[in-house]
Every structure is written in C-alpha cells, then in structure tokens.
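Q: Here are the chains, one letter per residue:
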Amino acid sequence: MKHTPKLALAALLSGTFLSGAALAAGTHPETGEQLADDQTFTYRVLDELSSLDPQIVEDVIGSEFARDLFEGLMSQDEDGNLVPGVATDYDVSDDKLTYTFHLRPEAVWSNGDPVTASDFVFAWRRAADPETASPYQWYMGLMSIANGEEVIAGDLPPEELGVRAVDDHTFEVTLSSPLPYFPQMTTHATTFPAPQAVIEEHGKEWTRPENIVSNGAYVLEEHLPNERSTRVRNEMYWDNENTILDKVVTLVINDENVALTRYMAGELDRTEVPAGQFPRLKEEYPDEAISFPRLCNYYYTFNLSDSGPEAFKDVNVRKALALAVDRKIITENIMAGGQPEAYTFTPEAVAGFTPPTVEMAEMTQAERDEMARELLAEAGYGPDNPLSFDMVYNTSEAHQKVAVALSQMWKQKLGAEVELANMEWKVFLEERGNQNFELARGAWCGDYNEASTFLDLLDSDSGYNDGKYSNEEYDALLEKAKTAGDTTDLYTSAEQILAADMPVIPIYHYAGVYMLDSDVGNWPVNNVEQNWYSKNLYKIAE
Amino acid sequence: MFAYIVKRLLGAIPTLLFLVVAAFFMMHLAPGGPFTSERPLPPEVLANIEAQYGLDQPLWKQLWDYVTGIVLHFDFGPSFRYKDRDVNDIIAQGFPISLTYGTLSFVVATLVGVSLGIAAAIRHNSWVDYFAVSLGIVAQALPNFIMGPILILTFTLWLGLLPGGGWNGGQWEYLIMPVIALSTSYMGNIARLTRSSMLEVMNSNFIRTARAKGLPARSVIWRHAMKPTLLPVISYLGPVFVYVLTGSVFVDLYFSTGGLGQSYVNSALTRDYAVLLGVTILYGALTILVNLLTDLAYAWFDPKIRY
Amino acid sequence: MFAKSDKAADLAGEITDAKAIRGRSLWRDARDRFVRNKAAMACVFVLGLIVLFVIFGPLLAQWSNEEIDWNRMGDIARDGRPSIENGHYFGLDELGRDLYARVIQATRTSLLVGLIGAAMALLVGTAYGVLAGFYGGRLDGAMMRFVDILLAIPTTLIIILILVVAGRSFITLFIALGAVSWLTMSRIVRAQTLALKSREFIEAARAGGVSEWAIITRHILPNLLGVVIVYASLLVPEMILAESFISFLGLGIAEPNTSLGRLIAEGAGTMAYGTLWQLLFPLFFYVTIIITMFFIGDGLRDALDPKDR
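Residue numbers (full-length UniProt numbering), protein chains in the order written: chain H, 1 to 542; chain E, 1 to 307; chain B, 1 to 309.
Careful: at least some of the hints might be erroneous.
[As the list claims (entries may be wrong)] Short, incomplete list of chain B residues facing chain E, as computed with Cβ under 7 Å:
1) Val147
2) Pro154
3) Leu157
4) Ile160
5) Val164
6) Val165
7) Trp213
8) Ile215
9) Ile216
10) His219
11) Ile264
12) Ala268
13) Val287
14) Ile290
15) Ile291
[Unchecked claim] The calculated label-pair distances, taken between Cβ atoms and stated as ranges, are:
16) His28/H with Asp56/E: 32 to 38 Å
17) Trp64/E with Lys204/H: 21 to 27 Å
18) Thr217/B with Arg211/E: 44 to 50 Å
19) Gly11/E with Glu235/H: 55 to 61 Å
20) Phe74/E with Thr483/H: 29 to 35 Å
21) Ala299/E with Leu59/B: 57 to 63 Å
22) Ala541/H with Ala166/B: 45 to 51 Å
23) Val60/H with Gly11/E: 47 to 53 Å
24) Leu17/E with Glu222/H: 35 to 41 Å
[To be verified] Footprint (simulated), chain B over chain E, 3 or more residues, beta carbon under 8 Å:
25) 14-22
26) 34-40
Hints are computed from structural coordinates only; laboratory data are not their basis. Glycine included, every Cβ here is placed at the ideal spot set by N, Cα and C.
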C-alpha cells in the first residue's frame, strides 16, 4: 500500500518557485498578491515556552517553535490534512503493524549534515527513555510502538523500541497493535528528529541559539526568556525556495490588554482578543478581528463520587442546572468572540462527529427555565428547601465572569444558593483531582481531531474523569469505537447518553479569537488544532 | 568597623539557612506539585520525572542535597518548568535586568524625591511647597500597578513615542516607562519624608543658632541642615532599594522586561521549587546586605553612631 | 509595598525622644493639638463621610453587588454608563454588575483590611516587642533574631504562600497581611520598652515591689500608647496598598466580594475600551482613603509629639 499524500501539489509548487528567496519582494506565486518587502511576522505569546527541545516540549507555545525549527516525518497543511515532511511517503504492511517511511535525501540539518533515519531512531528512543524524563513520554506509549510501554516503564532498554533505520533514508516503525491514525501522530513535536552529536556535546544547553542545530524551515537566532525570541529562515532547509517569511518574532506579553494596546500601536501582527472585546473590534477593524472554531470545550463537572453532594446524584437536579444556563448570554455577552453554545460535550467542529439532536438545544430559553423549575421541584427542592452547593473555578478573569454569571442564573431562576470559590491553578487541579469539590470548572482541548479525545474523558477508567461519572453502556460504546471502522454513530449515541445523564454541563466550545493584521497571508483558520507553520505564511504589501 | 562588617556578614549565614529551610517547607506545604497538570501524567511517567529531579527522595534528603549543591558547587538546581534551563541561568539572565531598572528607579526616586522635598521645605507654604506636597501624596496614594497600562496607552498608543515593552539589552527608550512606573510611588514618599525632616531640622536649636549668628541661609542649609535632614531619609532608602529590586512583578508583567520579579511570582504559582528557593535566597541575601549598607551609611552620616 | 513601615519607624523614633507621657493632661493636650490641626480634622471629616457612605449608601442602591443587569451587559461601553435614571449611579462593571453597590462593598472591605490588618500588627507586635524589651537578655536576643530572619524573607513570598496554602478567605487575607506587618511594630515597641525600662519611674516602681505584670500593664503599656497609635495609623494605608497588590496578582478576596484594589486592577485593564468609570470611581475612593489616612497619621504624630513646632 503506497501513500503519497498531496505529493503532486508539492511538486507542482516547487516547480513554479525557481527564483527562490528573491520572491520575497515579488508576488505570491499562487495568489499573485504583492508581497511586502519586509517579510517579518511578529506575534504575541502569553508566557515563556517550557522548552525548545522537541522531545521535551509540552506547551502550545513551545510546540509552535518546534514546528518551525524542526520538521517531522509528516506535517499538516492549512486544513489539517497530512502532507509530506521529511518523509516523502510511507508504506504500511498488510497486517498494519509495520510502517516504512521514505525520507527525502535532500533534507539536511542547519549545519549541513544530512537528516537520516538514525536521527529519527535516536529521537524516538530518546523520547521514550526514562532518563530523558520527558513529560510527553506517554505519547510514545500512545503511538502503540512495539515495546513502547516496556521502555517507558524502564523494563526494557530504549534500544528495544520498535524503530529501525533500514538505511539512511528508510525509517521503519513496528507497532504492537494497528493504529489507524498513526501517521497523523507523526506531526507532533515529540516525534521530530534530534541531532545526536549536538545533544551529546552540549547536554541540556543544546537548545541555546549558539548551539542549536535544527532541520526545519527556520533556525533560532535569539531567545531572551520572558522577553522575545527570533527565528530566521534556514538557508539549508530543503524547501527554502518556497519559504516566504524571512523572520518570525515572538514577544512574551502576559497581560492581554497590554498586548492589544501594543497591537494597536503596530508592534504586533497577531494577538488574542480579551473576552468581551471582539464585537467592538470587529466593527472597527472588520479585516483584522477574526474568530474560528477550536477543538476545545468548556464545561462544569458535577462530583458524582461518594464525596460529592447527595443532591447531584439526582439526575433531575443535574438537568435542571444544565437547563437553567442561558448559554447565549455567556457566548454573546461575556465571551463575545464567536464561541458556539455547547449542548454536547464534543465540539461540533470535530472531524467525523455528528452531534445528536439534543432536546435542550431545541428549546427556547424560557422553555428551558420552565422545565428546570419543574425538574428541581420534582427533585424536592424549592423555596423552603433551596438547593445549595459550592462551585470552584481556577483563578482567571474570564472564568470568573462565567462563574459569576452561572451562579446568578441559578440563583435568580432556581433560587439556588451558590457559593463561589476560585483557586489558584495547582491547588485547583489537586482539589478537583481528589474529588474535593461539588461543582468544578473543566475544559479540554483535543489532542487530535477525533471525538474520542473528548469522550474518553468521561470513561469510568479515565484518569481525567474528575467527576467520577460511570455508565457501563457509555464505556461499552467507547470500547467498541476503538476498533470500529465507522465511529460516527457510536459517538453520536455516546453523546445521547451524556445528554440523558448530564454528568457535566457543557457551556460553550472555544473559538480562536485573534486580531490578525490583514497583511498576514494564509493564516490556517481551518486547521482546528491550530497547528500552523511559519513557512506557509507570508506578508502582503500594503 | 571591619570587624563589625565581618560579624554582620557571618551572622547572615544562619539567617539564610533558616530562610532556606522555612521557604522549603512552606513550599512543600502548598497543594499540588511542579508536575501536577490538567492532564495527569501516567504514574510511570511521573515516577521517571520525579526520579530525574530527585523528588522521589524523602524531604529531608531533598533539602540536604539542595543545600550541599549550593555550598559545594554553587548549583541552585534545575527549573522544573523551564526544562532547558537551571536556576543559575534564570537568575543570571533575570537579575541583571531587575538590577538595572531597579537601580535606575531608585536613583530617580531619590534624586527627584529629595530635591522636591528640599524645595518644598525651603519655600515652606509657598506654591512650590503645595505643588510638591500634592504631587508627593498623589504619587504615593496611587497603586503603582496602574502606572503600567496608563504609561503604555499614553506613550505607545497615543503618542507613539516609546516601544510598548521589551528590554532590548537595556536601551534607554525601553527603560523609560519601567523606571517611571516603578519610581513614582517611592519618589512621593521620599519627597514627603525629606520635607518633614527638613522642616524639623530648620526649626531645631542649632540651626536657629547658626542663623542667629548671621550665617547665610545657603550655607546653613547645605552645611548644617543637610546631614540631619537626610538621616531619616537614608533609613528609608535601604528598604526602598530592596523593594524596587524585589517588588517589581508588575513591571515585568506589563513591560515584558524579562526581570526576576515575574519569575519569582510564577515559580511560586507553578511550584517551580528550585527557582522559588533560589530567588528567595537571592532576595534574602540582598535584604541583609542592603540593611548592612544602610547601617554603615547611617554611621557615616551620624557621628553619634559608632560600630 | 511595605516600605513605609520604616518611615513610620522613624516617625515613631522621634517620639522616643519625647518625654514619657505623664498623667491625663498630656492626652488632653494631644487631643487639643489634633483638633487644632486643620488638615487632619478635614481628613477626619472626609473619612467620616466615606464611612457614612459605606454604612448608609446601600440604602440608596437599587441593585446588589452581585446582581447582573442582564439587559445591559451586552454593550457595557454604551449601556453601562453611570446614570441616575436606571439606578446604576456609578455605571456597570465589565460583567454588568452595579458598580455603585460594588464600590460600597469594596470600600468596606478595604477599610476593614486596613483596620484589622493594623490592629493585628498592633496586638501581636506590641505583645512581642514588650516581652522582648522588658525581659531582655537571651530571650530578647532570640526573639529579635527571629524577627530579623522573618524580615529577610520577601513579603511577597510570605503572602503568596499563605494564600496558596490556606485557601482564600477574609480570614486568610488578614492573617497574611498581619503576618508581615507586625515585625516592624515589634521592633519599635521593643526599642521603646528598652528606653522606658531604664527610666526613673520604672526603677522606682521596681524598688517599691510592684509586680512585673503590673509594671508592664500600668507603666510600660500606657507610655507606649502614643507611638503605637501613630504607627498603627500609618499602617492602615499600608495594609490597603498591600491588599491592592495582592488583588493585582489575582490572589485577593473571592467573588462575589471584591476590594478597591481588585476593582482598580480590573478598571485599569479595560481603560482603553471606553469604560473609564470602572477605574475612576474605585480609584477616587481608594486615593481619598489613603490620603486622608496619611494626614490623620501625620496629625496624630504631631499631636502626640510634645515638641511643639
């Protein structure tokens, strides 16, 4: 079986780009747009990145760097489809257990050394090696690589991991069980190649600008922690001719309001829009304020374990609270950034997921409120016996607004007595993880574009199931989905169970809400995972 | 004098040790650890990481290793959050920045504050006095963190004069806003303190005598009134210096200077134990050192005090 | 953040030079002096107005501090302006809650933080300082050594750790603020006690066989009162400033309650978005309280300082 994803297009593109870097001052080869002379893209990040080491990086910000500095076997295009990276294509054995990746011979490191299969072998062993102590070590287990779990647990040496360099340009992976989305997983930073000689020479300091050797479209020029980083075009990159942006600058700005001010002053090409400011900005800057769906949900989870309150064990109470939430107010008046209202746990934007027709979603808010009051009365709560509970959220201005609004809705519509508590992040995780809560905020961003990344959260055995929801029928559906060919119906049924049991209250699904300078071309708004690559962006002349 | 300094410095060692122990245990008392995350790590992965950082050891052993690491190798340990860097790097990178804008703010606050205070006292009850007093009081009564957004809006967005943040190796245009933001409230306080101190001195008997003798006002002020006026100011300057260096979180947050204040607060919130301890020790040592310098300066200014 | 404590220490130090307070007449003198101080009296009046506002202001409020005005929350910059007609005299906050009610509640919190924080410092600091100063020797050495060590720990760390370890509530906030504020107070009190101890009237009392407890309560404490009051009055604004800093870090009081520092931090964040009233109202009350407390503190110092200018 031969897989040649989008290779034709790639070949076509490289054929049209002959003049190379000189293009920067010309026009875009595909769209014909006039390109700006200064091809520098400057964007804001909230925080300092955790690491520049592809095997160790764990945060979104660091991963954005990793995708520019390094190139893995496969990459994603603007829509999230798989496109060739260092590997031009791959073969899958008939038992679906062996993947053979063919590496392009022209790929080289920024020091001129060729990128070989052994660089991948080194990197993958390194990621799984307990010595490396990577927080993403588990990812190698998730990839079902043969002996992966044993290596992670330290029972087998890293050399036993099921990866092999057949020759310099052939990389072979053996899996312990078939994994349909295995190739997609090779777009993740953990699987990117690593320069063995450099790492052995400099140790932990190999990611410093003066030491780092990388194989991506960019190289790290400067990195000033908590202030700024610059990456510039990698002249050695195999596809350098097609890279248009010369320079990518990252500024660390903690305060989103300050970041917006600096965007307005022209210091940034991209920044996040603070909650509630989108409508105003959209009106004033229709070309710059953008919003698109993300693969993240926002919910409140009931504590259904023994330590949870008795009231929440009654499904009518849970439903009443879920019904009384006026999601429109939260999405339109508080967040106001084009977030979709949520009536299912899984965002609708997820590929291969059709949300079920949920009764609640069909009703008007007045009908919902009416039903909520009835259900609560049925459960035995009323003016003489008001429902009372605590709700916790982690400290943040936006979460606070949502929590206050929710508590007011429940107070005014249902006469519930709600006590608000916010906790600093680590305390919050600890308390929620130990079921020391009654109702707690939760949010989840999909690891990959598939409904199971969300639905697995509520599996009885899931380590992330902080509310301790447990439903055998639901677990069985998920189990079935793991091996099923078509999973759409299974996921829809699972959501139906959630709608009936209401173990969590879905509030809204996230949207990416940015101010993006209109001269930035080709921002991948359709890539719901927001895996963007600077080499695909360009600056249009104004 | 020398013996006194040595004695004070030696005395700082047990203080710092106590500081380390207290901070260490307080930190471990806080719920959650450096690797508590929204996606709980599988137990075997967590075990690998904890083993790597020595967090699987009993607390006393961790403390012992930490202290001996410092004493023997001057190694303050690795950062748990910034995995490519260790504490020595973080301090070496952030402290010079904090020190630069902190010292500048200190100098500005002192020079402007003292001049304003003296001007107000010399022209007591004139418009200069009223102006200086109101300025001093308002500067001091405003919470200093609101200076950040106000300055950025004014100078970056509306006037377009200054970059909205960053450090850029400490170029002057990047320094202006942090220094104004940080020095304002201390400036107000120093001005008020200088003014009241000077007024008191000018009313004291020895100054009256000097004036009665017919000495020119100028010479009375500069030669006789200055030292006693500045005495209380100096005792205030010591702590101010420590505060501008350590209390600068908001400057780092608003102006993205990359200073140590931000690392400090973040390390406490993210349970980056080694960074938190390292910076605590640095700040503690700094406090002790500045207190010593204050006392020495005091002795120099006030001949009645001898060590 | 706590920088002013040393100024206060100094001011208090000036009183050390003063004669020990003897008898009632001196207190009456002090009161007369304070009443004659126009600036201080004006500030007492203004502060009184604020206290009255906090007490009786809620009677005029048409909304509670936590109610959301659902109809106007959509476009705060347009519909949330201060207005007499719709009952939001100070406008709405970012979430559509009545700023008038919130400012009243925040002012109450901030005043309480100031008073209780200062009171805690006063009680703990005085007890500690008197004990160390009066008994002296080894005990004094050890106790003061402990204070020195605590003073070397950055206050931000202590506050953050206390708030993180113990969770957030009014009580923890007071404990956190109290924990860092009594240190300077104890040093001042100790120095005063040491000075008093060698005075003739204490010697006389000792010689006359008065018990130690009686000496402390009858002779030492009354004579410390002036210094302690002056310092405590200067601590009040300092506590309020400290609380605002904690709020800025997002570690302050929990919703739906708020403090002036929190409201100012929120207002400062959104000041570029056409909702300036969200900053100005809380800032006005905050600055007024701080300034009046400065002048009252200065007035008290002048009044209790017999060196007449």
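Q: Each of the hints needs a verdict: does it hold here or not?
A: We went through each hint and held it up to the structure:
At a threshold of 7 Å, the smallest CB-CB gap from Val147/B to chain E is about 11 Å, leaving the interface hint violated. Evaluation of the Pro154/B hint against chain E yields a held restraint, the C-beta minimum of about 5 Å falling below 7 Å. At its closest, the beta carbon of Leu157/B sits 6 Å from a beta carbon of chain E; the interface hint therefore holds under the 7 Å criterion. Interface restraint check: Ile160/B against chain E, minimum CB-CB distance 5 Å, threshold 7 Å, status holds.
Evaluation of the Val164/B hint against chain E yields a held restraint, the C-beta minimum of about 5 Å falling below 7 Å. Annotation: Val165/B was flagged as interfacial toward chain E, and the flag holds, the nearest CB pair being 5 Å apart, inside 7 Å. The criterion of a C-beta within 7 Å of any C-beta in chain E is not met by Trp213/B, whose closest approach is roughly 32 Å, and the hint is violated. The criterion of a C-beta within 7 Å of any C-beta in chain E is not met by Ile215/B, whose closest approach is roughly 30 Å, and the hint is violated.
Annotation: Ile216/B was flagged as interfacial toward chain E, and the flag is violated, the nearest CB pair being 28 Å apart, outside 7 Å. About 28 Å separates the beta-carbon of His219/B from the nearest beta-carbon of chain E, more than 7 Å, and the hint is not met. Using the Cβ-Cβ criterion of 7 Å, the hint placing Ile264/B at the interface with chain E is satisfied: the shortest such distance is roughly 6 Å. For Ala268/B, the interface hint holds, the least distance from its beta-carbon to any beta-carbon of chain E being 4 Å, beneath 7 Å.
Evaluation of the Val287/B hint against chain E yields a held restraint, the C-beta minimum of about 5 Å falling below 7 Å. Taken as an interface hint, Ile290/B checks out: its beta carbon lies about 4 Å from the nearest beta carbon of chain E, inside 7 Å. Restraint check, Ile291/B versus chain E: the minimum CB separation of about 5 Å is within 7 Å; hint holds. Look at His28/H against Asp56/E: about 55 Å separates their beta carbons, and that is not inside 32 to 38 Å.
Remark: the range hint 21 to 27 Å for Trp64/E to Lys204/H is upheld by a beta-carbon distance near 23 Å. For the pair Thr217/B and Arg211/E, the supplied restraint of 44 to 50 Å holds, since their beta-carbon distance comes to about 46 Å. Between Gly11/E and Glu235/H the Cβ separation comes to about 59 Å, which falls inside the hinted range of 55 to 61 Å. The beta-carbon spacing between Phe74/E and Thr483/H, approximately 57 Å, falls outside the hinted interval of 29 to 35 Å.
Separated by about 59 Å at the C-beta atoms, Ala299/E and Leu59/B satisfy the suggested range of 57 to 63 Å. Distance hint check for Ala541/H and Ala166/B: the Cβ-Cβ separation is about 58 Å, which falls outside the suggested range of 45 to 51 Å. With their beta carbons about 48 Å apart, Val60/H and Gly11/E fall inside the hinted range of 47 to 53 Å. For Leu17/E paired with Glu222/H, a C-beta distance near 39 Å keeps the hint of 35 to 41 Å intact.
Residues of the segment 14-22 of chain E lying with their CB closer than 8 Å to a CB of chain B number 5, which satisfies the three-residue condition for coverage. Coverage of the segment 34-40 of chain E by chain B is violated [criterion: at least 3 residues with CB-CB distance below 8 Å; count 0].
Checked against the numbered hints above, the structure breaks hints 1, 7, 8, 9, 10, 16, 20, 22 and 26 and satisfies the rest.
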